[in-house]
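J.: Using the sequences plus the hints, can you model the full thing?
The chain contents come next:
2 protein chains.
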Amino acid sequence: MTANTNRRMVLKDYPTGAPGPEHFEIVEAPAQEPGPGEVLVRAIYLTVDPYMRGRLRPGPSYAEPQQIGAVMGGEVAGEIVASNADGFAVGDFVAAHTGWQTHGVADARDIRKLNPAEAPISTSLGVLGMPGLTAYFGTLDVLTPKAGDTLLVNAASGAVGSVVGQIAKIGGCRVVGIVGSDEKCDFITGELGFDAAINHRTTADMSSAMRETCPDGIDCYFDNVGGPISDAAFDNMAMWARVAICGQIAQYNDTEQAMGPRNLRNFLIKRATLYGLLVFDWRDRYHEGRARLTQWVQEGRIKYREDVVEGLENAPSAFAGLMEGKNFGKQLVRIDADTSR
Amino acid sequence: MTANTNRRMVLKDYPTGAPGPEHFEIVEAPAQEPGPGEVLVRAIYLTVDPYMRGRLRPGPSYAEPQQIGAVMGGEVAGEIVASNADGFAVGDFVAAHTGWQTHGVADARDIRKLNPAEAPISTSLGVLGMPGLTAYFGTLDVLTPKAGDTLLVNAASGAVGSVVGQIAKIGGCRVVGIVGSDEKCDFITGELGFDAAINHRTTADMSSAMRETCPDGIDCYFDNVGGPISDAAFDNMAMWARVAICGQIAQYNDTEQAMGPRNLRNFLIKRATLYGLLVFDWRDRYHEGRARLTQWVQEGRIKYREDVVEGLENAPSAFAGLMEGKNFGKQLVRIDADTSR
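Going down the list, the protein sequences come from chains Z and B.
Just so you know, we're using my numbering here: the first sequence kicks off at 1 and counts up by one.
Just so you know, we're using my numbering here: the second sequence kicks off at 1001 and counts up by one.
Bear in mind the hints are in silico, worked out from the structure with no lab data behind them.
Among these hints, one or two may not hold up.
[Said to hold, decoys possible] If you want the ones that stay clear, here's a sample from chain B, every Cβ over 12 Å from chain Z, calculated: (1) Ile1026; (2) Gly1037; (3) Met1052; (4) Phe1093; (5) Glu1183; (6) Asp1195; (7) Ala1196; (8) Thr1203; (9) Gly1226; (10) Ala1241; (11) Met1259; (12) Arg1301; (13) Lys1303; (14) Gly1325; (15) Arg1341.
[Stated by the list, open to error] Incomplete in silico selection of chain Z near chain B, CB under 8 Å: (16) Arg57; (17) Met259; (18) Phe267; (19) Thr273; (20) Leu274.
[Stated by the list, open to error] DEER-style ranges, computed between Cβ atoms: (21) Z:Ser208 with B:Ile1068: 45 to 51 Å; (22) Z:Asp216 with B:Ile1068: 30 to 36 Å; (23) Z:Glu64 with B:Pro1021: 56 to 62 Å; (24) B:Asp1013 with Z:Phe280: 27 to 33 Å.
Every residue, glycine too, gets a C-beta built ideally from N, C-alpha and C.
T.: Written out as structure tokens, the structure reads:
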């Protein structure tokens, strides 16, 4: 079997406020051996995602809290280096929830084979992974945009938002994205084909920026952020607007309860609907979503951008940066050489 | 024809904050004569409803703003005293949107005949009128409670809330009502059959009161009020909860933007859905709703309570009291003798 050394990034403490490298530490140990039905995965890429912030607190959420002293949870794209499971061979590339470590054991029932000829394995964590599926079902099943609708999405150059906007463009919508830099504005309008972009860091009056870019009102609002951006969006909804609450990253690092205007009357006036969105609820249809997204990526109708940081030791800072919008595209951490390319 | 004197309650000024008698005045004039296809209605009861507060400001809402100097808009139950319309005779009882005046002309296409043998004509403004229909469609079409669900409703002894709760009881739900006095608590649990009641004026910790009375969480929340009561409700939703925003009376008299916790993340965690509800959207199905409600009232399965103030001159104070929850049951104003009984 293997004699790999496993480097594990474990949680030292729950952060109060912004998470940072000080809340994590690397622990070395020999890699586990896979038991019956299990495989050992060498991580190549790991993903950092905003939802992970919700796990870094003891209270209940939709995901189990991350345990102190345990390897930080999460998905990786990697290569099988030892297999004790039928149908999985050494050298197979897979996506697995082995967490922030160089080598992790996974039950073969919980992993998914990747075909590097179809798409780079890194996409299994982004445009063809959980973020892409969130965009797919959140847009098509929850927001149900019609051709001609105006869709607004924030964190629009990110892993989810960029796919939301492009799916809506395929469906004939006017798409407006909110991002945090002028470069990101250029990217979503130039590269991704959005109709307009708003840089929330340089826009004093978000509501008037929305009125300008969404002159007929917002029919669909895909919200990854929350906070004052949502206040402005709720003030600019069209009749029968649909809102998908996918994330509220503006509040994730808060140490005190954030306050905002009581504005739900907008939903009454506009007969709008707000949905809490969690992609797990579509797990029985991931196959459908992934097939469609793969096709669109192969046809060049959905483009994606990845922001790859090198080294497990930099995963915490990559995660911290993600919470502040420092990434440009899907944030990944390369743990080891990508031998699939 | 007629030589009635018409007393009209007109709006003098848009109120800032709470509305009161000082914002209205009575103007006398001869009653209009009905033109072709019109009738003249002697008002017997007029209704005051929370939605009217939204019309007392110049800005846009779902209803047109009330014009200064014009008769205050609203529905009445009354008697035809002059008719120039086929199918409508003097002595017919009707519901008509003639506003806060003793005598008003209405287009016969916009009025509805009432049958006093079926139900008291006052009910056309409450349990069998717009409030009852709001409860009917808001509960059955929007919240879609299943037997065994827990439904929470506020303003629960009022015209809408009392019907919401009783419909949910007919449908096999556990029903908890929030009201503003111990007498109202006794009324909704004793008379109306609610399972539990919370007096929000004497309950310091609404969230814990909800946890106690809704031990499996809130599946359906019918919200007439908004504000801190909704904050607590959102913290106590069950998975897949549905929320209907029917009114936000807690904010209607605000002179500054009310602030509250940013709590939409609850909708993500619980995959809850929030709907803005306005009964007008079901106008094509009013007949269905009214027939079912009439049957339930006749069978004694839906009970109603009316709070009747005497005299047009007291309509403004009745309306002001309604905004503070001083009414106990559907607030009506009797303008003239009810000769239908």
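J.: Each of the hints needs a verdict: does it hold here or not?
T.: Each hint, compared with the structure:
At roughly 31 Å, the least C-beta separation between B:Ile1026 and chain Z is larger than 12 Å, which holds for a residue marked as non-interface. Look at B:Gly1037: its CB is around 31 Å from the nearest CB on chain Z, clear of 12 Å, so calling it non-interface holds up. Distance to chain Z confirms B:Met1052 as a non-interface residue, since its nearest Cβ pair spans about 15 Å, more than 12 Å. The claim that B:Phe1093 lies off the interface holds: its Cβ sits roughly 32 Å from the closest Cβ of chain Z, which is beyond the 12 Å cut-off.
For B:Glu1183, the non-interface assignment is confirmed: its Cβ lies about 29 Å from the closest Cβ of chain Z, beyond the 12 Å cut-off. Listed as outside the interface, B:Asp1195 is consistent with that label: its C-beta sits roughly 26 Å from the nearest C-beta of chain Z, beyond the 12 Å cut-off. A cut-off of 12 Å between C-beta atoms confirms that B:Ala1196 is not in contact with chain Z; the least separation is 25 Å. The Cβ of B:Thr1203 sits about 20 Å from the closest Cβ of chain Z, beyond the 12 Å cut-off, so the non-interface label holds.
Consistency note on B:Gly1226: stated as away from chain Z, yet its beta-carbon is not over 12 Å from all of that chain's, at 6 Å minimum. The Cβ of B:Ala1241 does not lie farther than 12 Å from every Cβ of chain Z; its closest approach is about 9 Å, which violates its non-interface assignment. Its closest Cβ contact with chain Z, about 5 Å, brings B:Met1259 to no more than 12 Å, contrary to its assignment away from the interface. For B:Arg1301, the shortest C-beta to C-beta distance to chain Z comes to about 29 Å, beyond the 12 Å cut-off, and the non-interface label holds.
With a minimum CB-CB distance of about 27 Å to chain Z, B:Lys1303 clears the 12 Å threshold, and the non-interface call stands. Every Cβ of chain Z is farther than 12 Å from the Cβ of B:Gly1325; the closest lies at roughly 18 Å, confirming the non-interface assignment. For B:Arg1341, the requirement that its beta carbon stay farther than 12 Å from each beta carbon of chain Z is met, with the minimum near 36 Å. Because the closest C-beta pair between Z:Arg57 and chain B is about 12 Å apart, greater than 8 Å, the hint is violated.
A distance limit of 8 Å between C-beta atoms decides the matter here; for Z:Met259 the minimum to chain B is near 5 Å, and the interface restraint holds. Checking Z:Phe267 against chain B by beta carbon gives a least distance of about 4 Å; that is within 8 Å, so the hint holds. A distance limit of 8 Å between C-beta atoms decides the matter here; for Z:Thr273 the minimum to chain B is near 5 Å, and the interface restraint holds. A distance limit of 8 Å between C-beta atoms decides the matter here; for Z:Leu274 the minimum to chain B is near 4 Å, and the interface restraint holds.
At roughly 29 Å, the beta carbons of Z:Ser208 and B:Ile1068 sit outside the given window of 45 to 51 Å. As the Cβ distance of Z:Asp216 to B:Ile1068 is approximately 31 Å, the hint placing it in 30 to 36 Å holds. A beta carbon spacing of about 59 Å between Z:Glu64 and B:Pro1021 agrees with the range 56 to 62 Å that was offered as a hint. Under the hint 27 to 33 Å, the C-beta atoms of B:Asp1013 and Z:Phe280, about 54 Å apart, miss the expected range.
In the structure shown, a violation is registered for the earlier hints numbered 9, 10, 11, 16, 21 and 24, in ascending order.
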